[in-house]
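Asks: Letter by letter, the chains look like this.
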Amino acid sequence: MKIVVPVKLVPDTSADKRIDPATKRLVRTGVETVLNPFDEYAIEAALQVKEKAGGEATVTIVTMAPESGKEVVRKALAMGADDAVLLSDAGCAGSDVWDTAFALAALIKKNGFDLVICGTQSTDAGTGELPGALAEYLGVPGLTYARTLELDGTTVRVERETDAGYLKISAPLPALVSVTKSINEPRYPSLKGIMGAKKKTIAALALADLALGRPIGGDGAKTELLALADPPVRGKARIVEAADGAEGARIIVEFLREKKLI
Amino acid sequence: MRDVIVYIEHTAGKPRRVSLECVSEAKEIAAALGGAVHAVVLGKGARAAAEVLAAYPVARIHLSEDADVDAFLLDPQIDYLEAVARGAGPSLVLVPNTMIGRDVGSRLAARLEAGLTSDIVAWSVADGVVACVSPKLGGLTITTCAFKSDYGVAAVRPNAFKAVTGAGGGEVVELEKPAGKTYLIRIEDEVVEAAGELGVEEASTVVSGGRGMGGPEPFKTILKDLAEAFGGAVGASRAAVDAGWISHGHQVGQTGKTIGPQLYFAVGISGAIQHKVGMRTAGTIVAINKDGTVPIGEFADLVVVGDLFQIVPELTKSVKEIAAAHS
Chain A
0 MKIVVPVKLV PDTSADKRID PATKRLVRTG VETVLNPFDE YAIEAALQVK EKAGGEATVT
60 IVTMAPESGK EVVRKALAMG ADDAVLLSDA GCAGSDVWDT AFALAALIKK NGFDLVICGT
120 QSTDAGTGEL PGALAEYLGV PGLTYARTLE LDGTTVRVER ETDAGYLKIS APLPALVSVT
180 KSINEPRYPS LKGIMGAKKK TIAALALADL ALGRPIGGDG AKTELLALAD PPVRGKARIV
240 EAADGAEGAR IIVEFLREKK LI
Chain B
0 MRDVIVYIEH TAGKPRRVSL ECVSEAKEIA AALGGAVHAV VLGKGARAAA EVLAAYPVAR
60 IHLSEDADVD AFLLDPQIDY LEAVARGAGP SLVLVPNTMI GRDVGSRLAA RLEAGLTSDI
120 VAWSVADGVV ACVSPKLGGL TITTCAFKSD YGVAAVRPNA FKAVTGAGGG EVVELEKPAG
180 KTYLIRIEDE VVEAAGELGV EEASTVVSGG RGMGGPEPFK TILKDLAEAF GGAVGASRAA
240 VDAGWISHGH QVGQTGKTIG PQLYFAVGIS GAIQHKVGMR TAGTIVAINK DGTVPIGEFA
300 DLVVVGDLFQ IVPELTKSVK EIAAAHS
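Same order as they appear, the protein sequences are chains A and B.
No gaps in the numbering here: position 112 of the first sequence is 111 in numbering that gives the first Met the number 0, and each next residue is one more.
No gaps in the numbering here: position 32 of the second sequence is 31 in numbering that gives the first Met the number 0, and each next residue is one more.
Incorrect hints may appear among the rest.
Claimed, not checked - Which residues of chain B face chain A? A partial, calculated answer using Cβ under 8 Å:
(1) L139
(2) H247
(3) E313
(4) L314
Hints listed in this document are in silico derivations from the structure and should not be mistaken for laboratory results.
Where is the CB? At the ideal position from N, CA and C, for every residue including glycine.
All chains should be modelled from the sequences, with the hints used to inform the complete structure.
Replies: Printed below as a string of structure tokens:
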């Protein structure tokens, strides 16, 4: 059984990011690149499926990233994934969700798969649109927002989170599942895992290897960024001490009246 | 692009408010493009939802109560939407920026080879090209993205636009079942844990609690009461969710939901960057904290320093009294 986990490399989530006003790009200097935190839940879910399945099951990490991303991907291998494939090509620059899904689908199909497990969203763009688009391009059932994941022979069963509770859904393999952070607690790489990861294979492919038949990146993108603007400036907060509950409530009510919110 | 197609998310025939907001805004976009507004409403209750939609400015309401829509996840809906979009020709499809809306939008965009813009709060039309404005990177920057594709899909942020009734024609069209399709994702059961509760993404007021709540109880009592007084939803910081005090669906922030309600209460939340990026585009932010020096002071509008366990119930009481006086 081949399990594939697509991941994304994102700027460190605890860093306060800023946009360079001159280049209108995210300032990456001094901001570490990390594995998208949501993807760690997907890796953990994949490892648990593998451990239960035993035998021939493998977990492959795939990502679209520059070759410098190899060391970040190694963390996923240190957690226990078997190998990784990087799609590294200057032609990927400027890819939007559509391009990324299209190219990753081609990569995943080329390598073969039974089950694709991904995180729900990334912490940088955070659109949460990749899993659905990827399922479409792979041509397989997409079971999104899974908070549980069970494999029963060749049927995958998940509890899909909804705003009001959850749905119990199932589909035959091959399939794609996106997992929420309720599903598990990702493991930390062990020392043995970290040492072992150094010997694992991280293959790098170029766009030409995928024969996509159409451009992606800036040339293929379906949307064009016209402008970046600073968010509206918030005035300094009014900070008021409240001696008791009634005073606190009165301060807030007055403030909300001023703002015409009540 | 000429026509604007709105995917209607509904609960048992009651359209979600964000879908009515989408329909209302679709009228303006369609007017700028010189096209018409279509609504697509599917599954059990579609007919009842269509009756609600009749009061809104929609030219055509496409509906189907096909049992497959409720028996299988998403895929039948995508087929119906695709059929309506292909029928209308190059068009803009609006979906709500909710869990289901994003799921529908991403698949439909892949089918239509359409550009996708998410979390839109404003738009413009120039020379027949639609551009969408969305906050990105947790509100760090506001982007304007234009569609380069024939079809476009935009996920619309709840509360960014107003739901306005109006005449539109409201011709009801029964959709034909797409031929030759088999569906694989079977819905075996639906478990409702929080019936009738608004999600944090959709509520116009969100009352969030953090570490300062001290345990799960206040989320079910004082925060819930305050949220209800505003007709809003209860949210939470990562600290509260990780402590197991409330489920992940309520989490606001980097590893939770990014929201932009009109009014946001941060109760016992210090305002770490991971939280900030999920809510800083809210209209008005009120923090209640025992410490006046917490980081949330840097991006809140009002910080009340005091005992939240006293202030929140008093505030609920006042808000209810004001609401009662107005009704």
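Asks: Work down the list of hints and note, for each, if the structure agrees.
Replies: Structure-based check of each hint:
A distance limit of 8 Å between C-beta atoms decides the matter here; for L139(B) the minimum to chain A is near 6 Å, and the interface restraint holds. Contact between H247(B) and chain A, as hinted, is supported at the beta carbon level, the nearest pair being about 5 Å apart and thus within 8 Å. Look at E313(B): its Cβ gets to within about 4 Å of chain A, closer than 8 Å, so that hint holds up. Proximity of L314(B) to chain A holds as hinted, the smallest CB-CB distance being about 4 Å (cut-off 8 Å).
Hint check: no violations occur; every hint is consistent with the structure.
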